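Student: Sequence:
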Amino acid sequence: MKVTVLANYAPHAAKGLMQGSDRQAAVNALFESVGGKMTGLMFTRGAYDVVVNGEVPDQAAGMGIALAVRASGSLSDFVILEELDMKA
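Each residue of the sequence shown is one higher than the one before, counting from 5 in the working numbering.
Keep in mind that a hint or two might mislead.
[Stated by the list, open to error] Computed cross-link-like contacts, DSBU-like style, restricted to lysine-lysine with a CA-CA straight-line distance of at most 30 Å:
#1 K41 - K6
#2 K91 - K41
#3 K91 - K6
[What the hints assert, rightly or not] Label-pair distances were calculated between CB atoms; the ranges are:
#4 L45 - M5: 16 to 22 Å
#5 M22 - L88: 34 to 40 Å
#6 D26 - E59: 16 to 22 Å
#7 G39 - L88: 18 to 24 Å
#8 K91 - R49: 31 to 37 Å
#9 F47 - R74: 25 to 31 Å
Simulated from the structure, these hints should not be mistaken for laboratory data.
The structure displayed is predicted, hence computed values, not measured ones.
By construction, the Cβ of each residue, glycine as well, lies at the ideal position given by its N, Cα and C atoms.
Build out the structure end to end from the sequences listed, making use of the hints.
Tutor: Here it is, written out as structure tokens:
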């Protein structure tokens, strides 16, 4: 299933980001750890700091990503949106 993640960096994580780190590799590894794949990553201005698009095998895998991210404390305002099949 396709998902979009919207999130803001916590202050301590934003500081680390500005010092330079490969966020794309870290996010990709997180998706791969649940059998999914990241298809896009964008840093944005506005309501959210980062938008990630990806695919996960099922809702349980999406929940695994959400739990891992929340446990890290690196992101706040973390939302996972799943694509709906409007033709069904």
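Student: Determine for every hint whether it applies to the structure shown.
Tutor: Outcome of the hint check:
1. K41 - K6: Holds, because 10 Å separates the two Cα atoms, which is no more than 30 Å.
2. K91 - K41: Holds, at roughly 24 Å.
3. K91 - K6: Distance ~15 Å between K91 and K6 Cα, so the pair holds.
4. L45 - M5: 16 to 22 Å: holds, 18 Å
5. M22 - L88: 34 to 40 Å: holds, 36 Å
6. D26 - E59: 16 to 22 Å: holds, 21 Å
7. G39 - L88: 18 to 24 Å: holds, 21 Å
8. K91 - R49: 31 to 37 Å: holds, 34 Å
9. F47 - R74: 25 to 31 Å: Taking Cβ atoms as reference, F47 and R74 lie about 20 Å apart, which means the hint is violated.
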